[in-house]
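Full structure from sequences and hints, please.
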Amino acid sequence: MFSAVLLATAIFLHRLFSLPTPIAENLAWVAFVGAGLSLLMSALATIGIWRTGRPGTARVVFAIIVSLGLMLWPIIFLPKYESLPSINDVTTDVTSPPPFVEIAKLRAPGSNPVEYPGPSFARKQLAAYPDIKPIEIDRPAEEVFGLAAEAIKRLKMEIVHQEAPDVGAGRAGLIEVADRTLILGLYEDVAIRVTGSDQSARVDVRSASRYGSHDLGRNADRVRQILKEIVTVMESTVPAARVEQPDEAKAAKEERPRNRRSKNRRRR
18 MFSAVLLATA
28 IFLHRLFSLP
38 TPIAENLAWV
48 AFVGAGLSLL
58 MSALATIGIW
68 RTGRPGTARV
78 VFAIIVSLGL
88 MLWPIIFLPK
98 YESLPSINDV
108 TTDVTSPPPF
118 VEIAKLRAPG
128 SNPVEYPGPS
138 FARKQLAAYP
148 DIKPIEIDRP
158 AEEVFGLAAE
168 AIKRLKMEIV
178 HQEAPDVGAG
188 RAGLIEVADR
198 TLILGLYEDV
208 AIRVTGSDQS
218 ARVDVRSASR
228 YGSHDLGRNA
238 DRVRQILKEI
248 VTVMESTVPA
258 ARVEQPDEAK
268 AAKEERPRNR
278 RSKNRRRR
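Per the working numbering, the sequence shown starts with residue 18, numbered consecutively.
One or more of the hints may lead you astray.
[Stated by the list, open to error] No farther apart than 25 Å at their CA atoms in a straight line, the calculated lysine-lysine pairs in the PhoX-like style are these:
{"no.": "1", "residue 1": "Lys173", "residue 2": "Lys245"}
{"no.": "2", "residue 1": "Lys170", "residue 2": "Lys150"}
{"no.": "3", "residue 1": "Lys141", "residue 2": "Lys245"}
{"no.": "4", "residue 1": "Lys150", "residue 2": "Lys245"}
{"no.": "5", "residue 1": "Lys245", "residue 2": "Lys97"}
{"no.": "6", "residue 1": "Lys150", "residue 2": "Lys97"}
{"no.": "7", "residue 1": "Lys170", "residue 2": "Lys245"}
{"no.": "8", "residue 1": "Lys173", "residue 2": "Lys122"}
{"no.": "9", "residue 1": "Lys122", "residue 2": "Lys170"}
{"no.": "10", "residue 1": "Lys97", "residue 2": "Lys141"}
{"no.": "11", "residue 1": "Lys150", "residue 2": "Lys173"}
[As the list claims (entries may be wrong)] Computed Cβ-Cβ distance ranges for the label pairs, DEER-style:
{"no.": "12", "residue 1": "Glu180", "residue 2": "Leu143", "range": "57 to 63 Å"}
{"no.": "13", "residue 1": "Phe29", "residue 2": "Ser103", "range": "36 to 42 Å"}
{"no.": "14", "residue 1": "Thr112", "residue 2": "Ile81", "range": "51 to 57 Å"}
{"no.": "15", "residue 1": "Ile93", "residue 2": "Gly185", "range": "51 to 57 Å"}
{"no.": "16", "residue 1": "Ser113", "residue 2": "Pro256", "range": "23 to 29 Å"}
{"no.": "17", "residue 1": "Ser137", "residue 2": "Met18", "range": "39 to 45 Å"}
Calculated directly from the structure, the hints in this document are not laboratory data. Yeah, the Cβ is synthetic: ideal placement off N, Cα and C, and Gly gets one too.
See the structure below:
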């Protein structure tokens, strides 16, 4: 019962009162070790009851049920742990991933580094998640940036920082998001980068865990969710009218008199 209460307390404080993740993880490990110790003591008690016939069977059975219930929780994740790659950072661009700028300031000492781990992670990701690719669309980069921000709001994720793209200066747009898992409240950081021009745009997404070396596929699922929501928002909106550049407008004006003269010649 002590182990069960300790685990529940760690989850509660971490989810609602921002208990530091390393402390919550240590408390959880203590709870699991306590559950294992309880199983061992229950086995020894069962042997003693079997040999001597002394009372206490109900308490032993209760201890076994509670301990097994605690131990079963991490065990059910074992298939994912073995089948999925041991990575904690997933991105649509493994060569030049979207950076974490303001998010880097939120990461406490002991958390995972904000820099992308490199080729080893890239190879594992490409082998396990070949479907994770950037979005490329024939719309202005500034418009796509606004749609990406709208998609994040619809997903009810917390935007930490956003900076619109500047096509003239060649600066990419960046949206940084701090998301948390539903039950445990584990922090997952997201960066969305929008690059392109007045005619086309590309959207790259990166999701990384602040703590832990194995994300159990959570970051890949989050990247897919964000990309899907961005596509949904784009499909539900009408593309903005493209503003003619000065050279294009001049060419259009010169073309109109030519068309009129050709029409007059045909009439004559």
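Status of each hint after checking the structure:
1. Distance hint between Lys173 and Lys245 is fulfilled; the C-alpha atoms sit about 15 Å from each other, no more than 25 Å.
2. Annotation: proposed proximity of Lys170 to Lys150 holds, straight-line Cα distance about 22 Å (limit 25 Å).
3. Simply put, Lys141 and Lys245 have alpha-carbon atoms about 23 Å apart, close enough for the 25 Å limit, and the pair holds.
4. Taking the CA atoms of Lys150 and Lys245, the gap is about 11 Å. The hint holds against a cut of 25 Å.
5. About 23 Å separates the Cα atoms of Lys245 and Lys97, which keeps this hinted pair within 25 Å; it holds.
6. Distance hint between Lys150 and Lys97 is fulfilled; the C-alpha atoms sit about 22 Å from each other, no more than 25 Å.
7. Taking the CA atoms of Lys170 and Lys245, the gap is about 14 Å. The hint holds against a cut of 25 Å.
8. Straight-line distance between C-alpha atoms of Lys173 and Lys122 comes to about 22 Å, which keeps the hinted pair within the 25 Å bound.
9. With a C-alpha separation of about 22 Å, the suggested pairing of Lys122 with Lys170 holds against the 25 Å cut-off.
10. About 15 Å separates the Cα atoms of Lys97 and Lys141, which keeps this hinted pair within 25 Å; it holds.
11. Between Lys150 and Lys173, the direct Cα distance comes to roughly 23 Å. Compliance with the 25 Å bound is thereby established for this hinted pair.
12. Against the hinted window of 57 to 63 Å, the Cβ-Cβ separation of Glu180 and Leu143 comes to about 29 Å, which falls outside the hint.
13. Roughly 29 Å separates the CB atoms of Phe29 and Ser103, a value that falls outside the hinted 36 to 42 Å.
14. Separated by about 52 Å at the C-beta atoms, Thr112 and Ile81 satisfy the suggested range of 51 to 57 Å.
15. Distance hint check: the CB atoms of Ile93 and Gly185 are about 53 Å apart, consistent with the given range 51 to 57 Å.
16. At about 27 Å, the CB distance of Ser113 to Pro256 agrees with the hint of 23 to 29 Å.
17. The hinted window of 39 to 45 Å between Ser137 and Met18 holds, with their beta carbons roughly 43 Å apart.
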